[in-house]
Every structure is written in structure tokens, then in C-alpha cells.
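Novice: These are the residues of each chain, in order.
Protein chains: 2
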Amino acid sequence: MQVLVYGAGQLAQMMYLDGAALGIDVQAVDVSNNTVVHPVSKQPLDCSLEQAIERADVLTVEFEHVPEALLETAEQSGKLHPNKDAILVGADRVREKALLERLNIPNCAHRIVTDLTQLDECVEALGERLIIKASRDGYDGYGQWRLSQKADLPALKKQLEGLDLVRVPLVVEQMLKFDREVSLIGARNVSGDIKVYPLAENLHYQGQLHVSVAPATNSDDALTAKALEIFSKLVEGMDYVGVLAVELFQCGDTLLVNELAPRVHNSGHWTQAGADTSQFENHLRAVLDLPLGDTTNIGGDAAVSAMVNIIGCDDHDLALLGLPGVHFNWYGKTVRNKRKMGHINVTASGYKALGSKLEQLSGYLSADHFPELVDEAARLQK
Amino acid sequence: MQVLVYGAGQLAQMMYLDGAALGIDVQAVDVSNNTVVHPVSKQPLDCSLEQAIERADVLTVEFEHVPEALLETAEQSGKLHPNKDAILVGADRVREKALLERLNIPNCAHRIVTDLTQLDECVEALGERLIIKASRDGYDGYGQWRLSQKADLPALKKQLEGLDLVRVPLVVEQMLKFDREVSLIGARNVSGDIKVYPLAENLHYQGQLHVSVAPATNSDDALTAKALEIFSKLVEGMDYVGVLAVELFQCGDTLLVNELAPRVHNSGHWTQAGADTSQFENHLRAVLDLPLGDTTNIGGDAAVSAMVNIIGCDDHDLALLGLPGVHFNWYGKTVRNKRKMGHINVTASGYKALGSKLEQLSGYLSADHFPELVDEAARLQK
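Those protein sequences? They're chains S and L, same order as listed. Okay, so the first sequence: first residue is 1 according to this note's numbering, each after it adds one. Okay, so the second sequence: first residue is 1 according to this note's numbering, each after it adds one.
Just chain S, with the same shape it has in the complex (with noise of 0.2 Å):
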């Protein structure tokens, strides 16, 4: 069996190494070259683009931003799973809210602006307190900002000028208070079988997620069915195959979705230690069509887990091997600023526990490129 993931990154990386263990060869396309390569390697294999795609069962990404074109061609294929429309659905938050207003699934307030005269509508409809995002991202000049008060209406208006927003949009939502964000991850097979993961609980630190849990804690019955229902909605809505991971911000017993992924996701990466089949492994199911393995924690009914990303920076102590249930994962990039570099499984049975194997690791590592690790260690050991 031949998979052909679109990215070639740690993502599919991870897939490869989880499909070779199964039989199932997994090749990179790198999208900035559209050359096939190895996904752990990253050295070119001696195929065209065209070869592989023919030479595949099934074509999958590791990221929704594929330049369309390749997309509009591997969907043409007949074996692109998810399937194109899905894919951007991650990729354009325009596309995005209309699937959620179509099948009718909570979302933050929003409007979107294809023109500056309508965001005073938006502060009359909203508030003033807005998020305002592009659309889409990777355009020059294009982003996230922010509206904290109606005065500041006129410079922000400013700031914007010049965008065409016909090309790209501007999603305006209101500035939520949120208790937390979870996020749910869970795999559809070309079957249309669904296995969800327990619900991960995500932190972030200046914009990039530093520390998941899974199960989140505080997690119940009726919360975990809210999300499930949530996630059958979106794939069959979607006619989705493969991986899918929902954002959600949780305000009391509320979940809204924030953002989809369709694709294994960061707050999955704890299914490698932490689940019986991990998130890379039942992406490839999933897409060819095999049973999806169980995805519930190793370990019987107290078992968590936590992931801690590595970001910007290689100087931990190895010696953080040595720590039973810690489960190191590396890139094999350079550091850059910001760059995800690698992550940490841990494995513990109860959140005290857990709480505490954070607490240890936390030794091994510089407390400037893990802000929260410490704090989150204290929360879990309440």
C-alpha cells in the first residue's frame, strides 16, 4: 500500500514511521518544488510527481495551505482523501463559517468583510471587543487584529487600507470569554466507520501551542457527547475521510467551534505514548480504508497523558530520557525562532501523577522556552 501525503514535514514524517511498521509505504511531496521526497530523509525520490501520484492508492495532506492547483490535480486522481472541498475548508475561514452556519454547528459570532465600511455593522452587531482575521493566510500584509474599544475603529480602518478584500476576505468575530480551548481529534474511514480520541485540553502561549492533556480534565459525559455530536456533523457534512481535529473554546457547558484542522493535528501528537492506535496510524486507515484502531488511553480508566512541545530551541538535557513514561520526539530541523522542533509524550496513570512527571521534566528543560510547563504541572497536581 502507497500513500502520497501533500507537505513534507513532521507530520508526515510521523505518518511515514507509523505506516512503515504497518507495510504501508508513505511518500512527501514538497510543495514549494512539487518533488516527491522521503519524509523522514527530505532527499528526493527518483519519481516524478505525476508517477507517484499514479503509482499511490491514496493521496492525503499534512497541511491544508496545498496550492490549489495541486489539489484541483490530485482530487482528479480520484484517490485524494479528505477530499479537496474539506481541505480548503481548513484553509479559507470563509469557507469555513458557511459549513459551520450550514450544518448549523455552534460557532463564534461573526461577520464577514469584503469591504471597510462594514465593519462599523460588525461593532453595531458584535460589540466592540472583535477579533478580526484575514481569511487566508500567507499573503503579505495580511493577519489577526484586534478591536478592543469603538474609538479605535477609525486606525484600525487605517491600518487596513489598502487590502483587497475581495481576494481575501476579513473574518470579524467577537472577542469571546472563554473558559478553555479543547480540541477533539477523531478519524472517518473511506467506510464512513468514526473513532473520536478523548477530548484534549490545549495551552497556548503567544499563539502556539506549548502543553496538551488528554483526557482534558473536568471532562464529562455530556461534554464529550457534545463534541462527538459536533465531530459526526462535520465529517458527514463534509463527506470527510481521514483525520479531522475541531478546536473548540469551551464557555461553561458550551463548546464552539473555533477552527478545523483536516489533518493529524499538534493536540493529537499525545496519541503516540498515550493512545492504543495513534492519530498518524489511523489518518493512513482511515484514507485506505482499514478498520480504525481503538483510540482510548493506554492503561485502563485512570491513564492520561500529556504532550509538551519543543519550540525555538534544542537545549534540553537527554538525560530527560531516563523518566519513565517520557517519550522524546525530535524533527530533526534546525532551530529557528518559533519553530516547532520537537515534542514530549508523558504518560502517567491520574493527573497528580501526570502533574508530577511535568514537574520532573520541567527540570530538564530551559524555563524561558517552556512558559507553562511549570504552572501546568502545580494545576495538575491540585
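The set of hints was computed from the structure by calculation and includes no laboratory data. Please read these numbers as outputs of a predicted model, since none were measured by experiment. Just so you know, not all the hints are guaranteed correct.
Intra- or inter-copy, both count: the list cannot distinguish identical chains.
Within a straight-line C-alpha distance of at most 27 Å, the following computed DSSO-like cross-link-like pairs (lysine-lysine) qualify [claimed, not checked]:
1) K42 with K333
2) K133 with K177
3) K352 with K382
4) K79 with K133
5) K158 with K338
6) K340 with K382
7) K42 with K357
8) K333 with K79
On the provided structure of chain S, position chain L as indicated by the hints.
Specialist: Relative to chain S, chain L alone:
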């Protein structure tokens, strides 16, 4: 970090997969033609053996039958772990027996025979029920023979006539009545730290390992301590670095060493799914002098594992992937009679649950190729 493995079979492949996750680059040497290959694809890499030796931080082996000249060159680089003498102990039963005697480690009563006339003395000393083994494998006409009664000795001698017993002596052992075969897999790193996995209990069929269960049933602390003592004596006596497998016969409370394998071992494959750190990862950690990883079963005191070999067939029903706790591993080889094609790891909480899972699993496998499985499943459920 780069590790060069002599041998390019599934053991090197599994080292590669675990190494890649840690950022360790594993390359393999196909010793049939001295080319350096990718451990999974088996494709030649763009470097000579000399270059690969030069670049590697460590050289190691996936099997003991590496041509001695290659081992000699490897040893001269100063990077070979385990050392050449330790590897040769696994390849030569005369060296193995000499080591066991030197270290005063219990093993089967035996004699070394370099002349057929010595066989009479063997019967005299060891009795008339004997197993006769060529001291080294891979020579035409050499293998294993059995003597069941003294009257058959002349016929046996006739059969052995013409063998060059000075070049390849025979090891003659008393045929032992043992209760079962167990194995101890453990690792010692360059710094001398030692960690061992729980004892595995091994079921053979026609000379091949079919099922391992770990921890071995009915193994108390005293037995485990005995095995650890043997292991420690061996690795310290050989100044051994890496994973070592010790096959043992259990007779009542006594453990006798049957065979040593200076490498990761089939009876340790369960550690991939069942132990906190796999034998493959711990082998790499040991030879690179990293801290050894935890070797206990995942999931608490009741956690148990089994490994089922897939031998000479590929007619399994892939629906088995849907069974919780069942982990499929496939080596990507062409089917041949008696060839190890892959293995299935099964984890459970307690032996009864493990037996029940093995029983379920057997429904997806052909009874012809898994002759031990149903009985073993029944035994565990008792």
C-alpha cells in the same frame, strides 16, 4: 546522531523506525554485498561502506552472523557496540559455552567434539539422549541432530562422517527435560547502566518462535532475580553494550542458559506495544550512551503482552486491526515458507483478558500457520 547497523532485515528496520522518532539516523549494511542501504526501502544509499563507517557515531549489528572480516574492520573503527568478541559468542556455540563456563553460569551439561570418536565419551558422560549441534551455522551439511538411544550411535557417526570437526566442532548436549523456555531481554549502555524487561515465555513450533508472553506466567520475584543475576554476570563479563537476549530453560526453580543473542530479539518484539520503551529504542540508547528507558509493562501491575509471529503466510484478515490492544507489524517481504513476515503485538490487563484477545485474534488468522495460538489462548484464560 548516526548509527550504522550490520544487517538489513526487519530488526534494522525496527531500529530505524524507533530511532527516527528520536532524531537518530539509522543506516543498514547489506552484508551480502557490503552496500549501505535504507533500512526500510532497502534502496542503496549514496555512500560507500567506508564512508558510512566514517560518518557513523556508532556501529552495531542486527544479527550475529556478520562475516568476521567485516566485524574486524568495524571493531578497528573503535565504534562497534557490542564488541566483536561478544558478537562472536552469539555466532559460535564453542565460544558461547566457554563464556558460560568461565562466568560460572548454569547451562546444559555438554561436551565439545572435534573428533567423532569423542561421541562415545559423550554418551558415557551425558547419557544416551543427546542433542548434537554444529558450533556455527550456515555451513552446508552442518546442523542439528538427535541421539535417542546408544544403539543409534554408529548410524549417527556414519551421518556425521566427512564433516571437518576441527574447523566447525560439534557441541553435544544432554537432552534436557525442561518445564518451559523463557528469555530475558535487557540492555547495558556505555556508562554501564543495566535495565532488563520482564521475563518472556516463549512457545516454539518446529524450531521457530511462534508466541511470546510477557511477563511470563507464574514468574515470581525469585525467578526474576535469578535471571537478572545471570544477565548482569553476562553483560559485565563480556563488557557488553547494547541489547542482549538470553534464552533460558526453566527446570523447576532452576534457570539454565540455552543460547545468547547479542542483539534485539524476536522474543522482545512485544516491547514495542507493551513496554514503556521498546527494545529497539533501548538498543540505540545503549550504544549511543543515552539514558536507558523504562522497561516495565505499560498500564500498571496487571498489564501483560503477547507477541504472535506471522510466519510463511500473508493470508491474515486485516479486520484484525479493529481489535483493541492489537498492534500489527509487517516487514514488507515476499512470502516464503518458514519466513518471518511480521508479528502482532497484543496488550491486555491480566492474562485472562490477554487469552481472550488472542482467542479473538485467532479468528482472523489461518490455523495452519498459527498452530500454537488457540491452545495458548486457552491456557492463559484458565
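Novice: None of the hints should be skipped; say for each whether it holds.
Specialist: Results for each hint:
no.: 1; hint: K42 with K333; result: both (11 Å within a copy, 24 Å between copies)
no.: 2; hint: K133 with K177; result: within (17 Å within a copy, 76 Å between copies)
no.: 3; hint: K352 with K382; result: within (7 Å within a copy, 36 Å between copies)
no.: 4; hint: K79 with K133; result: neither (33 Å within a copy, 55 Å between copies)
no.: 5; hint: K158 with K338; result: neither (29 Å within a copy, 75 Å between copies)
no.: 6; hint: K340 with K382; result: neither (29 Å within a copy, 50 Å between copies)
no.: 7; hint: K42 with K357; result: neither (34 Å within a copy, 39 Å between copies)
no.: 8; hint: K333 with K79; result: between (30 Å within a copy, 26 Å between copies)
Against the hints set out earlier in the document, violations occur for numbers 4, 5, 6 and 7.
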